[in-house]
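So the sequence lines, in the order shown, correspond to chains A and B. First residue of the first sequence? That's 1 in our numbering, and the numbers climb one at a time after it. First residue of the second sequence? That's 1 in our numbering, and the numbers climb one at a time after it.
For the record, the hints were derived by calculation from the structure and aren't laboratory data. From the three backbone atoms N, C-alpha and C, an ideal C-beta is built for every residue, glycine too. Some hints could be false.
[Claimed, not checked] Here are some chain B residues the structure puts well away from chain A; computed CB gaps all over 10 Å: (1) 21; (2) 49; (3) 98; (4) 124; (5) 125; (6) 132; (7) 156; (8) 161; (9) 172; (10) 204; (11) 221; (12) 224.
[As the list claims (entries may be wrong)] With the Cβ distance kept under 10 Å, some of the chain A side facing chain B (calculated, not the full set): (13) 50; (14) 60; (15) 64; (16) 74; (17) 75.
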Amino acid sequence: MIYSALLILTMIIAAVAACWLKDLLNVVIACAAVSLIASLLFYLLQAPDVAMAEAAIGAGLTTAIFVLAIRRTGRYEE
Amino acid sequence: MRKWVSAILLGFVAAGFFIVLSDIPFGNNRMDVAKYYIDNGITETGAVNIVTAVVVNYRALDTLGEVTVLFVASLGLGALLHAGKDGSGNKQRASLVVRTGSRILFPLILLFGAYIFVHGHLTPGGGFQGGAVIASAFLLQYLAYRHYSIDRQKFSVVESISGSAFVVVGLLGLAIGGYFLSNFLDKGVPYSLFSAGVIPVLYVAIGLKVGAELAGIVAGLMESGRG
């Protein structure tokens, strides 16, 4: 229970950071943290199928695709 | 001024949600359909993993739509990336640890991805998860080797064949079982690998299709930056 609360708190902090940060690489890392914690929470809530999809697609591939997109565009938000 | 208007609108939306949702008792089971799947899923479909029974049997048509959405997305990305190519590539070499690690891990990750979608009807996971794991193996290769490149022609052949296999299995179900994507094969003994009729066949098709598609997306992004 306390672990879930801690995870949710970290997730909210990462989500707020993703909105506030100006360096888009940092934003992508914050989004990856949100996805990773979401997948942990899915696992704790006994939904392993969704947890696997979230970990593989949300935390893994999406992060890589965002980083590649940033490399082709701009790194900083005006 | 604009900020106030949007704040007031947001307040209205929140109030609307609150009024509607406050009537629904929290945490109660409002639908009987979940109970039906849990009680009858194994006997009707033969799949021990009830999530798989829903995704590839009861709601297989939705899964076909989902696969189509992914296909269209990767098609659009391919069209966009084909238009422009620039010359800025990754000049730095990946470290020895990354190169050696990826050489050892690459076949293991592929095997793990295949394991996930072959056992989709028995253990958590399935075609989408296994396909994503397979694509991440190719991403690792791209990160480790500067001149790595997959044969995208072969990948699109795999994608087309597995995508067609999904529809063909569905049409066979229509011809034999009477409705699209019906489970016309023998359901076998639950908990064994060759059980649940067409579900493993469909999941292998989905796994290969999703894996080839996502690997193609990764390849397109990595190679277009390389020039």
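Results of checking the hints against the structure:
{"no.": "1", "hint": "21", "verdict": "20 Å, holds"}
{"no.": "2", "hint": "49", "verdict": "8 Å, violated"}
{"no.": "3", "hint": "98", "verdict": "14 Å, holds"}
{"no.": "4", "hint": "124", "verdict": "4 Å, violated"}
{"no.": "5", "hint": "125", "verdict": "5 Å, violated"}
{"no.": "6", "hint": "132", "verdict": "4 Å, violated"}
{"no.": "7", "hint": "156", "verdict": "19 Å, holds"}
{"no.": "8", "hint": "161", "verdict": "23 Å, holds"}
{"no.": "9", "hint": "172", "verdict": "27 Å, holds"}
{"no.": "10", "hint": "204", "verdict": "17 Å, holds"}
{"no.": "11", "hint": "221", "verdict": "4 Å, violated"}
{"no.": "12", "hint": "224", "verdict": "7 Å, violated"}
{"no.": "13", "hint": "50", "verdict": "8 Å, holds"}
{"no.": "14", "hint": "60", "verdict": "5 Å, holds"}
{"no.": "15", "hint": "64", "verdict": "5 Å, holds"}
{"no.": "16", "hint": "74", "verdict": "13 Å, violated"}
{"no.": "17", "hint": "75", "verdict": "13 Å, violated"}
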